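Undergrad: Take the two lone chains, each set in its own frame, and fit them into one complex as the hints suggest.
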Amino acid sequence: MMLLLDMVTTAAILFIVAAGLLAIFGVLKIINFAHGAWLTIGAYCAVATAGLGLNPWLALPIAFAVGAVLGGITELVIVRPLYRRPLDAILATWGLGIVIGQLITLWFGRDVQFTPNLLSGTVDVFGVGYSLYRLFAVAAALVIGLAFTFLLEGTRLGLSAQAVIMNEMLARALGIDTARVRLATFMIGTGLAALAGVLLTPLTSIDPNMGVAWLIGSFMLVMVAGSSFSTLAIACLVFGGAQVLVSTFVSPIFGGITVAVLCALVLRISPKGFARA
Amino acid sequence: MLESRSTPPRVWLFAALALATAVVVIIGPTLFDRFTLNVLTRSMIYAMLAVTVDILWGYTGILTFGQAAFFGTGAYASAMVLSHLGASPALMVLALALAIIVPVLLGAFVGWLSFGHGSTPLYATVISLVVPIVVTQLVFSGGVWTGSSSGLVGYSGLPLGLPGYFRLTGICLIVTTLVALVFTRSDAGKLLVAIRDNEARCAYLGLDPQRLKIVLTTILAGVAGVAGFLYANASGVVAPENTGFVFGTEIVIWTALGGRGTIIGPVMGAIGIDYLSAQLSGDLPFLWNLVVGSLFVVMIILLPNGLAQLARMVLPRRNGEQASQPGCPTLTAEPAGNGSQPGNRVLAVSGLGKSFGSLQVLQGIDLDVHPGELVSLVGPNGAGKTTLLRCLSDGTEATTGTVTIAGQDISGMTPDEIVALGVGRKFQVASVFDSLTVADCLRMARASRKAPSLLRRSAMLGLPAAAADILRSTGLDRMLGRPVSLLSHGQKQSLELAMVVALEPKLILLDEPTAGLTKVERTTIGATLQKLTGELGFAAILVEHDLDFVRNISTRIVVLHQGKLVLDGSVDQVVNSEVVRTIYSGGAHA
Chain A
1 MMLLLDMVTT AAILFIVAAG LLAIFGVLKI INFAHGAWLT IGAYCAVATA GLGLNPWLAL
61 PIAFAVGAVL GGITELVIVR PLYRRPLDAI LATWGLGIVI GQLITLWFGR DVQFTPNLLS
121 GTVDVFGVGY SLYRLFAVAA ALVIGLAFTF LLEGTRLGLS AQAVIMNEML ARALGIDTAR
181 VRLATFMIGT GLAALAGVLL TPLTSIDPNM GVAWLIGSFM LVMVAGSSFS TLAIACLVFG
241 GAQVLVSTFV SPIFGGITVA VLCALVLRIS PKGFARA
Chain B
1 MLESRSTPPR VWLFAALALA TAVVVIIGPT LFDRFTLNVL TRSMIYAMLA VTVDILWGYT
61 GILTFGQAAF FGTGAYASAM VLSHLGASPA LMVLALALAI IVPVLLGAFV GWLSFGHGST
121 PLYATVISLV VPIVVTQLVF SGGVWTGSSS GLVGYSGLPL GLPGYFRLTG ICLIVTTLVA
181 LVFTRSDAGK LLVAIRDNEA RCAYLGLDPQ RLKIVLTTIL AGVAGVAGFL YANASGVVAP
241 ENTGFVFGTE IVIWTALGGR GTIIGPVMGA IGIDYLSAQL SGDLPFLWNL VVGSLFVVMI
301 ILLPNGLAQL ARMVLPRRNG EQASQPGCPT LTAEPAGNGS QPGNRVLAVS GLGKSFGSLQ
361 VLQGIDLDVH PGELVSLVGP NGAGKTTLLR CLSDGTEATT GTVTIAGQDI SGMTPDEIVA
421 LGVGRKFQVA SVFDSLTVAD CLRMARASRK APSLLRRSAM LGLPAAAADI LRSTGLDRML
481 GRPVSLLSHG QKQSLELAMV VALEPKLILL DEPTAGLTKV ERTTIGATLQ KLTGELGFAA
541 ILVEHDLDFV RNISTRIVVL HQGKLVLDGS VDQVVNSEVV RTIYSGGAHA
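Chains A and B, in that order, give the protein sequences. Going by the UniProt record's numbering, the first residue of the first sequence is number 1, and it counts up by one from there. Going by the UniProt record's numbering, the first residue of the second sequence is number 1, and it counts up by one from there.
Keep in mind that a hint or two might mislead.
Residues of chain A clear of chain B, computed beta-carbon distances all greater than 12 Å [said to hold, decoys possible]:
| # | residue |
| --- | --- |
| 1 | R134 |
| 2 | A233 |
| 3 | I257 |
| 4 | F274 |
Just a few of them, taken from the derived set where beta-carbon distance is under 10 Å, the chain B residues facing chain A [unchecked claim]:
| # | residue |
| --- | --- |
| 5 | L63 |
| 6 | S114 |
| 7 | V291 |
| 8 | P304 |
Estimated spans, in silico, between C-beta atoms of each pair [what the hints assert, rightly or not]:
| # | chain 1 | residue 1 | chain 2 | residue 2 | range |
| --- | --- | --- | --- | --- | --- |
| 9 | B | I101 | A | P252 | 26 to 34 Å |
| 10 | A | M166 | B | L359 | 46 to 54 Å |
| 11 | A | S120 | B | I101 | 50 to 58 Å |
No lab work stands behind these hints, which were simulated from the structure alone. Being a predicted model, the structure only gives us computed values, none of them experimental. C-beta: ideal position from N, C-alpha, C; glycine also.
So that you can see chain B by itself, here it is in the shape it has in the complex (with noise of 0.2 Å):
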């Protein structure tokens, strides 16, 4: 729903709007009354803030109500050297500094403070609140530095009078619409939506979710805090209000009405309701927040992408589902990477052994994987096969032992590293990007190795030969514009494999790559991982439930039972041997 690629169409309509925006911005003084000027210059500021809510809430998924706290200090900042120290030039300067600088540090800080690795989205929005109530009790505690509770008031901001303000508002918040739409539509931008979809996919695919999210609360914060220097200057006023958690709320509710995740919606939104608010609260004061309030519920129930939504229902579609038409990219080859040697061993795992409390589910498992291997893990549920992945993929995981991936110990590693490494998950239930297109999917999977751009979305789609004689083998290759919501369960095992693929590792770990598919796409992955393993270098691991199918495509076949490694030989030798048969006849279950 939110995608839409930039066709040339597009770029000329936000061009337009843009333009059709800093016209009236421009000639606004010029037709309003001073009250409505004075309203819409601070509903343009806080449509900006609406829209750094937008990329952190409707793209990212991090619902905040922060963002209020880094425009209060932005204020603060702004309202303290101008009050205390003066207005001239270079002080000036110095407020807009501050006024940026100071958000950003916060904002790194409650950064690192809410995306610690493995810390829940709910914690996010925890810290959110009390960042807003810390700042504002501060402010109640500043003194004459602060103000108190009755704020700033009375010092001298820039001299632009109130057509000038209203102006440079204007001009900023189209600035950061535009940014933000080019931003959000480019390559780069897919990113946030993958982070909402699926974090631990972007995790086995090398990204650094937590890191890409502390670094966008941080830029996020500055943009906020310009948005508070221009409203110290503007309003001339600067109250605790102003950096507290229910205006925080108050942002979201713009948000959310105008429609997450469209960034222009947002914006409408804000400057709707504000500019409402002021009109009418005169003469309904209690009525209109009921209103609001009561708009606000029933939106969220039924209509939870806003007004947008609304929108672009009753709007004809322009570009409807012609799914792979001009948005849609051209598949080109990538140069191989340096592939590993044969002879070293991609793989070594000695002693290890992981428990849950008192549970020991894998112990005292030693296991080699040389390059060209396809390596059968097989045994009864809860034999540990699952769990032995786990160990392989995420340092964290083992309890004792070691784990050496291309010769270098895991221990300790995040996903991310470990995929850097060479290691590529394929999970058992498809680990995809719903809202993404298979192409922006692909992307991601190349994202680690080579940063995507920020301003454009590519026509070119880059991917390995390997991941691309999957997507021919299995027909993607013509559905690259098609969202992955609308592929059916074969078609995203499929996808993960070519993206597990296109990140190029030197081992492929995979979970029961053919559950649930049919007979023929079960041939097309077994042909594609002899083709992998056999020709193309690659070690695999394979957990799988289907002897025949394991039979006819390992090398090697390992066997796992009850938590320890009984049996690791050839087809032939594992096939026919004793141990086999009394595990799966299940003579050996105690």
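The following block holds chain A by itself, in its conformation from the complex (with noise of 0.2 Å):
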């Protein structure tokens, strides 16, 4: 029982911190290697707030601003001239990373930081007592899938999403100004990146490397996912299951590769992924 709530908050957490990433190369087939840094921007956003005395639910909505407003300027100044050379984006993002991880050096010190919990405590679930923030984390993880859904399926901006992703030229013939699209999805993207490093900050420690570890992770898993929500969400529960099994009962030093190491062997055998299936 426990293995297996085990197996889908590791699974909700992994998209949950995926889930930024997906919707950028989903879209603008670019993938933004600083990821891992706007991980780390939510993770401080979360330690500002606390250090103002604020309400540290608080920090969620002000890293989403924080993390779309910088993602914003990134996608006009860095990424759009690179939308050609998707090579050169993984490099100039990584780049970007490594700058903004120096600035957090510099403004917060190279030390662990420590925030309030979010909710702490644990809950009885069919007799075990089990973290309550991590079934809290699944729940969040829903809440940004279907959120997601919502906004691809119900809103102008979704369908326009949709119609850049399919075919980017007709697109733009039939008058969907694709540059809003890039930067919306991009700063949502950001955002939502931004906003899973809060919700990280309970359960990982904060330093300002601290994104680099959960890049190559969520990277492996939108590479299978492809462009979708729910095959990033079946990808995270089947690569989440096995890293918590591999963890388990092997050993959690290869349960930290688990993941990456699948999703190579997957992309292997087919190319796209789970995209097809």
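TA: Spelled out as structure tokens, the structure:
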């Protein structure tokens, strides 16, 4: 039972972390290697919120706003010239990640920071005590997933984004302002990444390089998922589950690379990952 | 931009540079203090890695973070031998051998994983991220064998002392750099650029780009392993960070800042940045990384070819655009290969079908082509003409039926294997290598027959007479040294045709070779095709919309309509048939 809960909650956390990256990759076909830095920005938003003595839950909207605004600037200045050079975009965003990491270090110092818990304690699930916060993560993942589905299916922006995904040339010819769709998508993606950073704070230590550890896992999941949130959810459940199993029964060290290795193998067998299934 | 012909001044320049560097390396220990010597030794080892990344990424277009893993494996293999077994001369040899063999094996595996038939460039990058992470985790879980998170330290290495290590790494770096320079400027080195420019064209010239990339990855993994061996000895410590993906990104950053695709640039970039980092990071620890990071971002956006590009813009160009001067090869005739026997079928297609899901694009196609025939394939848009050509040149395409070329069933064969059977394919949009010169493009077409030199840039360009004729009739023979990017649309089409003919195929597939050409260019291509088939015994299948053109040059016309072959006959039969008139006037359209 415990194992099952661990598997589901791990999948939920992976989903939260990867969602922002997927939003950007799905529409823009650009891999935002500064994703880890945005997670860090989000986490430090939580630190700053706590420092100001505000309610820790306020960190969520603050982080989303900060992440989105910084993301908007990034799209305009750095990403926009590189849409035709996707490999260079990986490098430029990685460089940006270094810059952000250093700026955070200069501002907050390189020590590990702590924030007040958003939710503490355990609840009884079928007779076992389980961390309330990890269960909350599942709810948060569901909310993010559903919000995205609504955004894509139910709004004008979502419709335009889908058009851009399918055929950008045609979308532009039909009068969709693709540049604006891209800007909005990038801002939502980075906002989400920062939000995920806040949600991570009770689970990991906060330091200027915390994002890098999460980057590769989410990157691999997104490669497998393609551009759909439902396939991302499946990928998170499958690979997150596998990660928990390997950590429990083999070794935690190998658990840490399970997601990356399994995703690489899946991509070798089926280059489009789960997208076709 | 990346081209520089190895005219004599260049050779002397390299030699002088190498000599000057060698002098610095030899007398260095008497000039620098201990700290500088230590740092520069490390920087020069890193520079060797930057050279390998440059060959993979700058020349071949494979963005890789994986060199760190091969470097780390080499370093750990050496350090583990030296720590656990000892440092006797025999064991030192074992350490070096393992530092090469283990990364080479890993490299071969990674190459096989990264470069399957049809894998994307992004996938190779993905794998190159995963490999260092896996290696790092293996190091962490290695217990006393790898020293886990604290690494291995306190073993004895080569008895050289600081000056000795400095000289050894310096010499290794010079050798690596020179070999890389000679190789990338050789005929074989142009292959890398060709793969980067246009992998599909490489495959359709009978080359196997995926296998070449695997070989390249394997060899360069070995070079990174040697660098790892030097590092393990010179620094006396190996740590998990040496194998990690963050280190892998650093090597890419040095390469990018120095100038990808120049070899010298990345060497300078690695040494300069690593040395400055060591000097400055004491005073400005975080600021320095901030500066490097910002510089890197700006560079990628504005100056993708790095500082070398800047240097090239500032320095006056020495051998400018002297298109057909010394570097330009002379055309020589190659003896014609064995032509196909007249009478035997070159191509036999029976019951060929192709469907995408439930959509049937081609069905029940039967077609025979004999040497000397010029068969035109006509039909309205969407009739399946290009799909048919694809099925003939890639054995993995057809869904049903058989295609036999020169007596051999091609099902399951990759394009390069089919080229070896004697099929040349010319694409609709001219598919050539934009960063190469005309002569280099043509040389690529011969590379599958005669392995290009790894060392030299040949002054000759041997071509079969038929290909040379095309060059002469289109004036391309006077532009052999010109970069392809400067050619006109029509010249590129002619160049591609010459490349395909230079393969000496038995069967040429042409997809609208005259699209977008002027009247004069059309006539030239038409005459060339007639000569190739009528006089030289090639067989050709031509997809074409221009019925007048088709009528003038074809020996036979085949009409495709909605995926079926509706007519196969002589020019007169087809042109005067009722069916064709109906199809083209739209009557038969659903």
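Undergrad: Work down the list of hints and note, for each, if the structure agrees.
TA: Status of each hint after checking the structure:
1. With 12 Å as the threshold on Cβ separation, the claim that A/R134 sits away from chain B holds: the shortest Cβ distance comes to roughly 24 Å.
2. Look at A/A233: its CB is around 21 Å from the nearest CB on chain B, clear of 12 Å, so calling it non-interface holds up.
3. Against chain B, the non-interface label of A/I257 is violated: not every CB pair exceeds 12 Å, the least being about 5 Å.
4. Against chain B, the non-interface label of A/F274 holds: every CB pair exceeds 12 Å, the least being about 15 Å.
5. Interface restraint check: B/L63 against chain A, minimum CB-CB distance 5 Å, threshold 10 Å, status holds.
6. The criterion of a C-beta within 10 Å of any C-beta in chain A is met by B/S114, whose closest approach is roughly 9 Å, and the hint holds.
7. With 10 Å as the threshold, the beta carbon of B/V291 comes within range of chain A, its nearest partner Cβ sitting at about 9 Å, so the hint holds.
8. A least Cβ separation of about 6 Å between B/P304 and chain A falls short of the 10 Å threshold, and the interface hint therefore holds.
9. Here the CB-CB span from B/I101 to A/P252 is close to 31 Å, well matched to the stated 26 to 34 Å.
10. Restraint check, A/M166 to B/L359: a C-beta distance of roughly 18 Å breaks the suggested window 46 to 54 Å.
11. Between A/S120 and B/I101 the beta carbons are some 53 Å apart, a value that agrees with the proposed interval 50 to 58 Å.
Hint compliance for this structure: hints 3 and 10 are broken, all remaining hints hold.
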